[in-house]
Every structure is written in structure tokens, then in C-alpha cells.
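As you go down the protein sequences, you meet chains A, B and C in turn. Take the first sequence: its letter number 51 is residue 1321 in our numbering, and every next letter is one higher. Take the second sequence: its letter number 398 is residue 1668 in our numbering, and every next letter is one higher. Take the third sequence: its letter number 163 is residue 1433 in our numbering, and every next letter is one higher.
Keep in mind the hints are simulated off the structure, nothing from the lab. Any given hint might turn out to be false.
Negatives, chain C to chain A, calculated, CB over 12 Å [to be verified]:
| no. | residue |
| --- | --- |
| 1 | 1376 |
| 2 | 1387 |
| 3 | 1457 |
| 4 | 1503 |
| 5 | 1581 |
| 6 | 1609 |
| 7 | 1630 |
| 8 | 1667 |
Mimicking BS3-like on lysine-lysine, the simulated pairs with C-alpha atoms at most 30 Å apart in a straight line are [said to hold, decoys possible]:
| no. | chain 1 | residue 1 | chain 2 | residue 2 |
| --- | --- | --- | --- | --- |
| 9 | B | 1629 | C | 1443 |
| 10 | B | 1443 | A | 1629 |
| 11 | C | 1507 | A | 1443 |
| 12 | C | 1635 | C | 1515 |
| 13 | B | 1629 | B | 1515 |
For glycine and all other residues, C-beta sits at the position ideal for the given N, C-alpha and C.
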Amino acid sequence: MSKLFRARRAPKIVGLAALTLTSVAVMPGLASAADSAVDNETQFIFNTFAFLVWGALIMWMAAGFTMLESGAVRTKNASMICLKNIGIYSIAGLAYFLVGYNLMYVEVDDFIGTFEFFYSTSPEEVSLLDGDDSALAAVVDNGYAVMSDWFFQMVFVATAASIVSGAIAERIKIWPFFLFTLVLTAFIYPVVGAWTWGKGWLHQEGFIDFAGSTIVHGTGGWAALAGVIVVGPRLGKFRADGTVKPTPPSNVLIFTLGVFILWLGWFAFNGGSQLALGTAADAVSMSNVLVNTNLSASAGVLAALAVSRPLLGRMDLFAGMNGAIAGLVAITAGPAITDHRWAIIIGAVGGLVCTLATKLLERLKIDDVVGAIPAHLVSGIWGTLAVTIAAGGRFHIQLLGVVSIGVFVFAVSYVLWRAMDSLLGIRISAQVERLGQDAGELGIESYPEFVLMPEED
Amino acid sequence: MSKLFRARRAPKIVGLAALTLTSVAVMPGLASAADSAVDNETQFIFNTFAFLVWGALIMWMAAGFTMLESGAVRTKNASMICLKNIGIYSIAGLAYFLVGYNLMYVEVDDFIGTFEFFYSTSPEEVSLLDGDDSALAAVVDNGYAVMSDWFFQMVFVATAASIVSGAIAERIKIWPFFLFTLVLTAFIYPVVGAWTWGKGWLHQEGFIDFAGSTIVHGTGGWAALAGVIVVGPRLGKFRADGTVKPTPPSNVLIFTLGVFILWLGWFAFNGGSQLALGTAADAVSMSNVLVNTNLSASAGVLAALAVSRPLLGRMDLFAGMNGAIAGLVAITAGPAITDHRWAIIIGAVGGLVCTLATKLLERLKIDDVVGAIPAHLVSGIWGTLAVTIAAGGRFHIQLLGVVSIGVFVFAVSYVLWRAMDSLLGIRISAQVERLGQDAGELGIESYPEFVLMPEED
Amino acid sequence: MSKLFRARRAPKIVGLAALTLTSVAVMPGLASAADSAVDNETQFIFNTFAFLVWGALIMWMAAGFTMLESGAVRTKNASMICLKNIGIYSIAGLAYFLVGYNLMYVEVDDFIGTFEFFYSTSPEEVSLLDGDDSALAAVVDNGYAVMSDWFFQMVFVATAASIVSGAIAERIKIWPFFLFTLVLTAFIYPVVGAWTWGKGWLHQEGFIDFAGSTIVHGTGGWAALAGVIVVGPRLGKFRADGTVKPTPPSNVLIFTLGVFILWLGWFAFNGGSQLALGTAADAVSMSNVLVNTNLSASAGVLAALAVSRPLLGRMDLFAGMNGAIAGLVAITAGPAITDHRWAIIIGAVGGLVCTLATKLLERLKIDDVVGAIPAHLVSGIWGTLAVTIAAGGRFHIQLLGVVSIGVFVFAVSYVLWRAMDSLLGIRISAQVERLGQDAGELGIESYPEFVLMPEED
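Isolated chain A (complex conformation) (with noise of 0.2 Å):
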């Protein structure tokens, strides 16, 4: 890949910036640069300081992934859940390595970048880091660290992946769901990333989606949800009288920290996507995205408990921890809105939907373990349209975005899923999901030494 292209690769967002119709939404990133009176070697290191901190935090995710499904599914199956999380994100990073980054970034045209294997630091960063000075300049012209804008992305499309993992928790295999991620994190959602923030086609369009409630978000839950349904829902959850068996979490502390950390890494994903800190500019709407994520899933959190009660018949733990993921995803397409206001509005309707859309699947008897699909889907597409209330969306255009991913992330998912299926087998042997998968396939339990309930069907 020439390094011409790579030097002018700007950041998504100031193509965002040039498309955008309304003011508000107007968001700097280095294209401002030149306004600004910081000098562009110092430029450079805050900008990939701040990909590099960020990134960091966003990595912390996983952590929080793992914590927040492990504790929610039934103590056989959370062990299962801890080993699939690390393959998740050691699998995506070395993925997105190998062909990923090239597909979603390098050289794209409408749909897709190149099939290059592998992506690198530039040669002008090898001739200064061995000493030539000459190379500055080219090194400079950058923006960032090549390396340190990869980082960041890498760590979104692991995101994208550990939202799958929830879903279909407790009764998928481990070696299929490994080749699905593997997919997922190669392939379908650079494909969808070159879409938009590889400036391919939706971006031309003029879709607005900041930090990712589809690209990232609908993307992971699109993907679930074609898992979920090829799957099945687990042995014994929807009953034949109609009722549906509950499945509490198992740990509520774990589930809970898994929430917190979540919360804290939202911060670096929807602030680390602002993609520049080399301006005063840039720093004013970080401020405001790191805001507005907050006040968005504090509102996501008190609206679910409220409407907890009424719907589901009590004040529901979970229905407000999911209310604040719910919250986070829908002010994700469009955090950076100065008018905060907005923010809780946008962050209350998240929970809202989330905890409607987690009893409408219910009744639709499709069985999602953790309640990714309400979360991340249904709130992250709440989340793309309302871009067009205070974020400078155009509604057709957003739509467009919407289906269009969706379309081409569930249908690659489902037949993905369908051919393992047909091949592979995706699903766990009824014994091995009375026994657990932690017994079953890894032979281990999650606290060997705690008595433990006989389950009850």
C-alpha cells in the first residue's frame, strides 16, 4: 500500500465535517488544523496520545464484556464464557492484523479497501526512528502514529465481536463460534466500516454514525441476532405451557462490575472518536462527547428502572444495568452535540426501547442470554436515526444506513451460521447443556469448590 494514500488518509470525521448540513454537529478534527496555533509535531503527539490512552481503556471493554456475561449466564456455562472472551479479542486483534485494517482503510473504493496481508508502521516512521531527521516532516504530515490510529481500530472491531458472544451464550459450540469471530472481525465488519468510515459509499451518501452505534454496535448485534435464531433458544427456556423460564443472573457483583467497566470504556470509545486532540477545537468537542456520554447512560439507567416496574412488574436490577448500555449505544452515533439536553433525551429513550425490545423478543421466543440484541441493536438504531434530531443526520440517509448494514451483516451472519450448522454443527449436545459447557468442554467448573444448586427446569 503506498504511503501517499496513508499520508492523506484524514480521520473519518473531517469527511463528516464537509457533508454535514446543519451546524451544530460541525465537529473539527484535524481539518481545523491549520487554524490552530499549536505547532504539528505537538499536534501529532496528542493526537496519538489520545489514541493510545483511549485505545487502552476501550481494550479494558473486553474486561467488561467478559465480566457482565460471565456473570449473567448460569454458573456451568461462565467459565466457558471467560475462555471465549479471550479467544474473542486475541482472535480480532490478530485478524484485523492480518487483513482487516487493509479492508476497511487501505485504499477503498465504494465497498471495500485492499487484500493486502498485514498492515505496518511507514517507512518514513522507520527512517526516523533510525535516526533521520529528514524524515520528520512526512512523518508529521501524518496527523498520528500509523500505528496508534490501527491500535484504536482494533480495539473497536473486538468490541463488535464480544457483543455476539452474549447472545448466544450456553449452547453454542466453542470451535464454530471461534470461526464465526473470526469472520466477523476479517471480513464483515471492515466490509461495513469501509462502507462508512472508510469514506466508501454510505459515507459519500452522507451517513453520520460518530463512534458506531451501527457500524460497531448494530454490526455485533445483527450478527448475534442471525446467531441466535439459527441457534435456537436454550433447552427449557420457553416452555410449553408458554411461560418463559427465568435465568437470572448467576453472579449480580460480576455482572455488575462488567456494567461499571463497560461505562468507564465508553468513555474512550465515544471521546477516542473524536480522532484529534491537536486543537483547541478538538478538545472542546471531546469535552463534550465524554459529557453527553455520561448524562445519555444516566438517563438510559433511571428510565429503565422506571418503566421496569410498570412492564416487567418490578424494579428490575437488570432492566437498569441494561438501561445504561442501552443509553451509551444510542448516544454513540452522535456524541458530540452541544446541546446536552438532548443527551438525556436520546439516552432515556434508549432504555426505553431496550427494555421494551427485551420483552418483544421474549414473546417472539428468541433467547438472548445477556439482552445484546436490545441493547446494542434496537438502542443502536434508535441511536443512528436520532443523529438527525441535534447531530446534523439526514433521516432517509440514516435509514438508508441502518438497512443496508443490516441487511448485509444478518444475511452474511445467517448463512455464515447456517453453513457451520449444516457442517460443523453449531450446537452443543443436549447433555453437555445439562451438564454446563464448563464440565462438558472444558472439563473445569467456574468455583469448583462452592455447592451449588440442582438446576430446576
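Here the structure of chain A is known, so what remains is to put chains B and C in place on it, guided by the hints.
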């Protein structure tokens, strides 16, 4: 609120420096900006980014309190702690946005700021984000992005509210507790803040409290004490025969995790309270703050462990862990000292008085479930007075601050708890208390699959 | 100690660069400051802030070790692990302040630094904080705030001490263990550090260890090995019939949380070891470090999982998790390489040798409770030698470093463990060992309300 006022609201530290009588503890803050070679916009970015990064890590303390408390209470009430804490953080964030920040920082006369609703990005910032580069100078002149400071201050109010939760756990009804949280975060804490960091009367007297030994931890501690007195001890805690029923942490690992999270967050809590990073002097001072914070906490742990054997009859894990918190609270009022040996003394005494106060509260039959009053209030008083040793405080002024804030917070809190008790009842029924709040109020269990020991009285 | 000396103590990386034989791995550090367009004070702030932010996240690794270890041991010893680890971190912080840093970095001749007590803010910094702006140039000339570097180095010594704790868990008395920690952090580690990062004899030979595969992880590993040999295996671990009693993690979720915390902290551990952020070259190199760290860890996980089935008879969760640690340790000696594909190879081999070594230790009847010796020592040796592949090391010098540090640390540790065993006894009684240290020594239980399985021998 006028932009002019806000633009001139120098960070709290400037005023303190001006009033400081000894040169040892002068903290530079933005005051020294003029003497710096760093250009104003670069300073602006540093200041803003420090607020955001440290602010995000302070939010993480909400998880720390949640883990510490849910690991400390008996299993039957642990989920309620999780729900309360995510509720606290959500309420605090919205209340502080609605009125809290304005009452604390905007147009403060001696006692209180403005009652206007909402706080927001400044008009100059909106102009800059809209592409009007002529607004840059006015934006940069503020020293930091307006909302980055809001974010940083917001996570402090959440901390104050979290302190209350642990002390009165296991017998308080959730709705009165949330109502108290709302008043604490929308009114009580902002008033205390207006007197001090908002440059009200206590600040004008010369009261020094760098990051809030009294302003944050004392406020939380006094509010907790009032609540504990009004709600009374847990059933069976103080037996008729004069003995005390031991109620050790029900999950030591989660409790320990909470302590470590708080320790990490405290680097941000104290370090970020330098409020500026735009000059070498700021960076030096922030470094000293982190070092002293760590030394004090370490000394608190070892001092508490050392005295736990003679005092409590064994090397006490709980005392050691709470000693860390006490050491952290103690140094919080004056962590920028340059003779770091004092930090060890201050932290060690903090660990000591915390352990003594734990014993004393038991004697007084005051039932503080997690030891919040010893660690936050008692050690906070010590730390606030200790500012006179090496951080430039005058004893009678420090004492004035401790007493006046104590009287105000305790009185308002006491009246509020009493009023709510008369009108709504703040205590759960004896039946729910025996059953536990998780099953009794939330209809769930923290660990539904683990077999638990029946509780003995 | 003279300020002049300290002001000139260039970061460790400068010296390394000067000695490096191949251009691939030249790390810029402050050496290239003169070539940068960034003014000195801005560089000073960047360098300092990087130390503080990354240092805070490295402290978080103390929580990671605590969770990993307390989740790995049997329930009856988990609280003791919590207490030990907060004790370790506290002792390490104070010992390093008392003498450790001075022995390691100040006025180092070939073998050791000065025996002066305490380390402190420089006189120039005190002057600057007192408002004397004429001190600014001297302060800035140091490159970073004096205590920010102390903070960063302190969290490293705590890491080395944590490694010991896990290996010798479940049978070591707490007081001898704390005494060993004191000697390790006040003397053993600082001496190793003086030889290398303090620019002593090994550094002068050209030994390269970027962030401490051998200096930190090898030191911890050798000290652990000596302890494990002296204290002997746990009762019943190696049965008379030659079989090995399985002792799987008692809390897999907490164990997994520990691994994720360490992974996050490692970005700071390695990234911060760039020791500078003031130039574009530093920012580029730091980015490469984070990327390689992640690739290596991911490869370690997958390699360990892949070989666990043939080697251990099943896909082994414990092997996969420890493979992450092994991958992280392996890349630590040379993470700034610019051909990132090597990071995958280095990490994969790390995961492989760790899994093999785990098997080997069992054969040798060496009882390492958490697999610290395979992950930290064995993989650390591999990583230190692997510096010759792409990070500029010479094999015989790397080997010299591994052997000389190994001999020194193992010998001193072995003598110390033996001496303490003769004088104090380092092993708990068989009665306490059967009962568990929590009940036997601390008088508490980790989960007092959970019903536990009686242990079988």
C-alpha cells in the same frame, strides 16, 4: 449565566495560592500560565485532556465503591448495593447537570451560586465548533474546555454520594435513599462546594482543601452519620448482652477489588485536582500529588495492620483495607507537599485514627456497615487539620472549615432523614431485613445458584 | 544526592540507543529532543504526563495480580492472598522511597547506587513551585518532573514483588513473606536495576531489556523459584503414587478478571517504558510498543490453547490465560520493533514455552500455585533472548544478562529464604495448611456465607 464570568472563573487553586501563607505548598495552577513558554492553545489542550483522562478514572471509583460495599454487606443485600450505586451515579450526574454545578461554581456570592438550570458549552465554543475561527482566542482564554471541568467536578459529587450508601446499607429503603441522594448532589454538596472551591466565604477565610478531605469525604461522611443515627443499627447487630455481632465481608475478593479500584481512582482524584497541566510547574506539582497519595495510602495500610493486632485481637484484613482508604482520604486535603516524608506520617495517622474510630463507633452502638465514617469522616478531619503541617493551612481556619461544613451537612441531612422517616418511612420492615433486600425488594438473589448458610443471630 | 547528577540522568533508553548495533530497534527517547520542533517545556509536560498516566495504570496491575492469585488459590487461602498483595504494594512503595530508587538510579557506579535515604523533588522544582520562575529552565532541563519518574519506577518494583506471591501461595507464613518483600524491593530488585537501567555494568556491556522481561519478570520469577524450592510443595499436591492432585482455580471469573487487568496494565508497562513522549519519534515508538504488546499477547493465548489439547489432554482455560501473560512477558524485552509480525512469533513461542514449562515443573515436583515461574521466568528468558531477532540485541550479551541476573537473584533469595526458615520458620503448620490460612491465620473466610465442598486429598 454570563460567559464573561465563566471565562474569569480561574480554577480554585489560583485563589488558594494567593492566600497561602507559607511557600511550601504553593500550587501553581493556571496562575503561572503567563510565565510559561507553552503557547496558550497547547496549555488549553493539556488542561482539558487532564480533566478528561483523570475524570474518567474518577468515575471508575463508582465501581470501586460498588464492589467494596457489595462485597462487604451480607449476601442477601449485595444486589441492592449494586442497584443503589448505579442509581446514585446516574442521579448525581443528572442533578449536577440540572442545578448542582451552577449552585457551586457560577456567580457564587459568599454562600451559593445561581439557581439557573443546566450548564453548557459556552457560546464561543459553539462558534468555534461551527467553524468560526475568530472565536478561538476567547475559547482558549478560558484555560480549558468548559464541559471538561463540568465532567471533572461531576465525578466528585458522585463520590460524595457513594460514601453514604455503604454506611447505611442493609436496612434503608431504596426510594428515600435515592431522594436523599438527589438532595445531596443537587443542593447540599454544591453549597459546601460554593463556600470553598466556588470561592465563597470559607475560601475567603483561607480554608484549604486541595481535593476534598472535608469537602467531598467529610460531606459524605457527615451525611452518612446522620443517616445511620436516624435509621438505627441493623437488627441483631448490638446484642442485648452487650456483645456485637460480627458481620464480616461476605465476599472478600470483591471487597478487595473495590479497595484497589479506589486506590487507582485516587491518583486521578487528587492528581486531577491540580486543575491544570499547562506549565512545567503544574506537571511537577501533579507528580508530587500522585507520589504523596501513594505514600500516604501505603502508610495507612501498614499502620492499620500494625495496630489491628493489639486493638482488635488479630491482624485484621478489614482494618488494613480500610487503612488504605483512610490514608488516601487523609492526604487528600494537602497532597501537593514537597517534603514527601510527611505524606507517610499523615497516612499512617489516618490509618490509626480510622482503626480507633471503628472500635469507638462499635462502643457507641453506631452501625456503619463498611466503616465509611471512620475512613472518610474521621480520617478526613485529621487530613484537613494536617494541612497545617506542611501544606500551608492555618489551624483555626481549617478547624472552622471542618466544623462549619460538619454542622451544615449534618444538620440538613439529619432533618432530611427525619422528615423522610416521618413522611415515608426510611427503614425496611423487619421481615424484609431478615429476608434481605435482594429477595424482599428486588425479587432476585445475588448468587441464585450458590447454597448459602442460614444466618445466625 | 546532587541535582546535577539527577538532571543529567538521561532516561535509560538513550544509552541503549547509543549501544544498539542494528538500526531497526533504535528507540529515540529524549536523545532526539534537540531535533524536535516541540519546545522544551511542552516536551517536559508530555514526558511527565505519560509517566503519570501510564504509572497509574501499572499500579492497577497490583489489582490484577491480586485477582489472578486469589481466584487461582483454593478458597480457604484467598483472603490471605488479598491481604498479602495490598501489603506487598504498600511495602514496595515505602521501601523504594526509603532506599530502593537511590540504590537503583542515583550515582550508580558499576554495581549499585547511593545508600542515602529518601528521594525527593529537586531543589529547582521546589523553587519553581515557590514562584521563582528563574528555576524554570533548570526544571525543564531535567526532561520530566523528578517524582513522576520515581512514581513510574515504583510501580515496577511492586510488580516484581507480586510475582513471588502467587507461586508460593497457600503455605508461606505472612511475616517472613513480608520481610522477603522488603528485601526484594529495597535491595535485590534495585541492584538488578542498577546493573541495567541504572547504567551499571550490564548496561555498559550492551544488555537490552526495554521494559523488564528479565529485570522485572525474571527477578520476580527467580525469587519465586527459590521460595518454592525452600518452602516445598503444598501438602498432598504430589501424591505418593506419583500422580498430581489437580488444584484448579477456585474462582475462574475472578482469575480471568486478573488476566484482563494485567493485559490492560501491560500497555502502560511497556508503552510507558518508552520513557518519553516529547517528540514525534517517541510517539511513533510508543504506538509500536502498544501494538506489539497486544499482538504478542493474542498470539500467546492462541498458541497456548492450541498446544493445550495435545499436551494437557483438553483445551485448557488455565493454559490459555497463562498464555496471555507469557505472551506479554515475552515481548516486554523488545516491544519497540517495527516489523510487527515478529511480535506474533515471539508471543506464540512465549505461550508455547510457558505451557511446556508448566508441565515440566509438575514433573520436577515443583509446586507453583499460579504458574508464575512458567509465565514470568521461562517466558521472560525467551523474550530476553528474542531481543536478538529484531530488537538489536547480541545473543551472548543477552544470555550474560539472563544468567548473571538469574544467579544473583536466585542465590540471594535462596539464602534469604533459608535463613528465615532456620530463624523464624517460613512454612505454616500442617494444621493451618489443612484448615486454610484465612481461618487459621486471619480468622476470617473469603466467602463466609457460601457452603463449601469439603476438600478431598
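| request: Given the hint that residue 1629 of chain B pairs with residue 1515 of chain B, test it: the Cα-Cα distance must not exceed 30 Å. | output: Since the Cα atoms of residue 1629 of chain B and residue 1515 of chain B sit roughly 13 Å apart, the hinted pair holds (cutoff 30 Å).
| task | Beyond 12 Å from every chain A Cβ: check whether that's true for residue 1503 of chain C. | result | holds (20 Å)
| query | Regarding the assertion that residue 1581 of chain C does not contact chain A, is the least Cβ-Cβ distance greater than 12 Å? | reply | holds (14 Å)
| said: Does residue 1443 of chain C sit within 30 Å of residue 1629 of chain B, going by the straight-line distance between their CA atoms? | reply: Satisfied, since the Cα-Cα distance of roughly 27 Å is no more than 30 Å.
| field | Assertion that residue 1387 of chain C lies outside the chain A interface [Cβ separation over 12 Å] | value | At roughly 35 Å from the nearest Cβ of chain A, residue 1387 of chain C sits farther out than 12 Å, so the non-interface label holds.
| query | Far enough from chain A: is every CB of that chain over 12 Å from the CB of residue 1630 of chain C? | reply | For residue 1630 of chain C, whose nearest Cβ neighbour in chain A is about 21 Å away, the distance exceeds 12 Å, so it holds.
| Distal placement of residue 1457 of chain C relative to chain A, Cβ over 12 Å | About 33 Å separates residue 1457 of chain C from the closest Cβ of chain A, which puts it past 12 Å; holds.
| request: With a cut-off of 30 Å on the C-alpha distance, tell me whether residue 1507 of chain C and residue 1443 of chain A pass. | output: Not OK: residue 1507 of chain C and residue 1443 of chain A at ~33 Å, beyond 30 Å, violated.
| field | Agreement of residue 1635 of chain C and residue 1515 of chain C with the hint, judged by alpha carbon distance not exceeding 30 Å | value | It holds: about 11 Å lies between the C-alpha atoms, which stays within 30 Å.
| request: Against chain A, does residue 1376 of chain C hold up as non-interface, every C-beta pair farther apart than 12 Å? | output: holds (29 Å)
| Per the stated criterion, does the least C-beta distance between residue 1667 of chain C and chain A lie above 12 Å, as a non-interface residue requires? | holds (21 Å)
| Going by Cβ atoms, does residue 1609 of chain C stay more than 12 Å from chain A at every point? | violated (7 Å)
This entry does not satisfy hints 6 and 11, going by the numbered hints stated previously.
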